[in-house]
Amino acid sequence: IDITAIPEKLNAKNAVSLFEKHDLIIDGTDNFSAKFLINDAAVKTGKPVVFGAIQGCEGQVCVFDSRASSCYRCLYPHFPQAQIQNCAEAGVIGAIAGIVGTMQAMQAIELIVGSEIFKPLVGKLWSIDVRTMEVSTFSIPKNADCPVCHLPKSQIELRPEESICLVRTIPQIDFIDQNDHILLDVREEHEYRSGFIPQSVNWSLSRMESGDWPDLQKNRDIIVYCQKGIRSLRAAELLMGEGFLKVTSLAGGYEEWRIKSNL
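Its first residue numbered 814, the sequence shown is counted upward by one per residue in the numbering used here.
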């Protein structure tokens, strides 16, 4: 096997020229700036991306191919509205990186071989929580309003940096002391029915993304939560964009609350 190392840092100036020379991109980065750049360059050059990410005890893998399905910005249209540490800052368990990396390698093999016996994760997010070894997979629909993949390729511009408007996250230990707030569960209704934090109101992220907003006072303190704390960041971003002034995302979501509450 002939492996050629490219001693260059990927940036907005060289991404397109590098991607045009290759058939498949495997994303092993640990920060959102790089992931957005990789996605935008891949969409512009028509290349599939094998995405991998680690957050806490959770690992994720997906194949983004805008030619056939959704792209990364269909899931996260803009830079996350929160301070999120990368692997170097927060630390990471090597075994989780090994699981995610192996899954990415398998996805790359499936895409290269192209056999009908393989069903690669095109437009599907595979997730594993190593605390319980629970595995889940859900589809990422193509977003008709995606800021990148709905554009003609000639109009896609690569930006070296993203502006960040921060949404505050609240850790579980501080959440216990919160009283005067609206607790908003942004999971789907069937998830809410299976268990929820007391006194919470259910209004799914999918409803917000379709333009259906909760009837809440915009100057009230709102704590948003989902299953693991990922969808709530997106929901908080949308609520802030709609004029809600005091929005906080609950770190770890319902799952961590349930563990800490011994339920």
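Keep in mind that a hint or two might mislead.
[Stated by the list, open to error] Per label pair, the in silico range of CB-to-CB distance:
1) Glu1022 - Val948: 23 to 33 Å
2) Arg972 - Lys937: 52 to 62 Å
3) Lys966 - Gly927: 17 to 27 Å
4) Trp1026 - Leu964: 45 to 55 Å
5) His994 - Lys834: 49 to 59 Å
6) Ser952 - Ile906: 34 to 44 Å
Simulated from the structure, these hints should not be mistaken for lab results. Glycine is no exception: its CB is placed at the ideal position from the N, C-alpha and C atoms.
Here is how each hint holds up against the structure:
1. Glu1022 - Val948: 23 to 33 Å: The hint (23 to 33 Å, Cβ to Cβ) holds, given that Glu1022 and Val948 are roughly 25 Å apart.
2. Arg972 - Lys937: 52 to 62 Å: Because 28 Å falls outside the window, the suggested range is violated.
3. Lys966 - Gly927: 17 to 27 Å: At roughly 24 Å between Cβ atoms, Gly927 and Lys966 fall inside 17 to 27 Å, so the hint holds.
4. Trp1026 - Leu964: 45 to 55 Å: With Cβ atoms ~27 Å apart, the hint is violated.
5. His994 - Lys834: 49 to 59 Å: Cβ of His994 to Cβ of Lys834: about 52 Å, so the range 49 to 59 Å holds.
6. Ser952 - Ile906: 34 to 44 Å: Cβ of Ser952 to Cβ of Ile906: about 28 Å, so the range 34 to 44 Å is violated.
The structure is inconsistent with the numbered hints 2, 4, 6, although it conforms to all the rest.
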